[in-house]
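Asks: Each chain is listed here by its residues.
Protein chains: 2
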Amino acid sequence: MTSLFSERLIAQIKQKQSIICVGLDPRIRGKSSIPEFLLSQVNDNYNDAIWEFNRRIIDATIPFTPIYKPQIAFYEKYNALDALKKTIAYIREKGALALLDAKRNDIGSTSAAYAHNVFEFLEADAVTVNSYFGIDGVQPFLNYVPKGKGVIILLKTSNPSSGEFQDLFALDLPEISADITEFQVKNVTVVRNFIHMARLMKKWSQSPTIMHVEQPIGKNGFTSLGGVVGATYPTQLKAIRAEAPHNFILIPGYGAQGGKAEDIIQGVNDQGLGAIVSASRSINFAYQSSTYKNQFSEEDFDKAAGQAAKDMRDDIRTALESAGKWKL
Amino acid sequence: MTSLFSERLIAQIKQKQSIICVGLDPRIRGKSSIPEFLLSQVNDNYNDAIWEFNRRIIDATIPFTPIYKPQIAFYEKYNALDALKKTIAYIREKGALALLDAKRNDIGSTSAAYAHNVFEFLEADAVTVNSYFGIDGVQPFLNYVPKGKGVIILLKTSNPSSGEFQDLFALDLPEISADITEFQVKNVTVVRNFIHMARLMKKWSQSPTIMHVEQPIGKNGFTSLGGVVGATYPTQLKAIRAEAPHNFILIPGYGAQGGKAEDIIQGVNDQGLGAIVSASRSINFAYQSSTYKNQFSEEDFDKAAGQAAKDMRDDIRTALESAGKWKL
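Top line first, the protein sequences correspond to chains Z and V. Taken in order, the first sequence gives residues 107 to 434; the numbers are from the working numbering. Taken in order, the second sequence gives residues 107 to 434; the numbers are from the working numbering.
If you are wondering where the hints come from, they were derived from the structure by calculation, not from laboratory data.
The list treats identical chains as interchangeable, and a pair is accepted whether it falls inside one copy or across any two copies.
Taking lysine to any residue and the SDA-like style, the derived pairs with C-alpha atoms no more than 25 Å apart in a straight line are:
| # | residue 1 | residue 2 |
| --- | --- | --- |
| 1 | K191 | H222 |
| 2 | K309 | G269 |
| 3 | K253 | S109 |
| 4 | K409 | G136 |
Working from the sequences, and respecting the hints, build out all of it.
Replies: In structure tokens:
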């Protein structure tokens, strides 16, 4: 039988003593972008340049990286889905996991088409999904859990306006008819939307019917359905960790978006498990950053990325060790 | 100056005396699928078969169809993004509008990459977006409003489990600190999540700063930001129409999902404007349906689609006329 995604991820985490996730977001020309010399042979086809960039980043970061997260938007933008497919295959060949950041969502029959593309054509190990549709739109992705695949839904995203909708306080009052759109309540408990979404995640992830496996919680304590919570929101991260102790949390927002290692502490359990922390720009384009640009040339962009990944791994590990939460 | 998306859409609606939107969701082999004879030359490349299918469907339905809605999931599934690009170009060449159903969503810098792909590479006229991220994730798409592009966000989706999250009753209490995740309230007004999303849509769509146009509401009374409300939820449709009189509503769920013409009535204003009603399977694969299969052969799949589109146009028009809401 295929191992659960959560167990495969934990094996990589333990082996590499690292909970980082390296985003692979190729950007062409602009403030943060792949080196010009890789583009010298390029006409309108960016596949080769992006593939070469990713391959070298992966080779340099693999000792510290249990899981990679290519963001499909950039491959779509540059018409480079071939490079994406090759990148995912290469990550897996090297023994790490590939999480496709795609935030797909739709009604069931359409989500099934997306799931087919993500898991059968691109062959990712896991995917991010927006679960605004409820279980119907997530189920087609969860149907791949028995094959070792994972799903990460959005809870509290890292962007500044995430509170506009996600922070609304919501009540779950199933006895109210669907026809009622507005009414008065007294003395009821309300929780924010992102907590409701976390509760749905918890409920779905522990159901053998939904997860299609007899024991949705693996021997290390985690299911194959997780959630996204931005490093930029540490208080909310703590609340979600408490709500859902058996769900992995993908924490974006470290680095370029301003999240710090201390912000991660609330995302893991006492053993140090339960979160993966992702960074994209700060690793991919480390060769351009003030921290690394004096140390590495443009030609050594991959070595800069490797050093940045190692430093990020160590930075987070140190913060968790100081908090007494590193027993991997 | 380029006309607003809403004005371009209304011009097509008036010209064709139709508020239907034909989905273009190619499915290969299965219960509802494109004719086998189109696949005879196919090896692993479905681009030609899908393009031929779409081209013939468009030719047959164009007299009744102001706007088409290709669902990108199916083109991704069959690795047929070339067929998608050609299809969008063909729709526009024929004078109709192309709404890409993609439900994209992410933080701002990533949404900008998606928006580039949708509007600059694929050259769609409009796109569906999931606005769980708040304005940050929608703004990069709205930046194209001055170029005549439109954006449709998800409010109340057509699927059975849409209520699981969208129907929760939510409070907007901005004075409450972000640190508070749970508390008690007395005598406050609460509205469902999908109504909150509709209120955000209304607010965003009337802001010249967000929409980047001085007059976001066009001369016919509508903005270029709309919302999705399933035909399967007519009561909710009525509530959203009342909340947001200047926003177009995309109503999926007619046909295969069970929505009826009578369910649409609440979606339009007294003039008959404000909604487009989409159907995919019931038009695309009309040649296989009990209604049309005795009348049309597999070779005439396009004629079946043309008849189904005309019947749908007339069915909705009759229902709106009976309700005194057809003054186009």
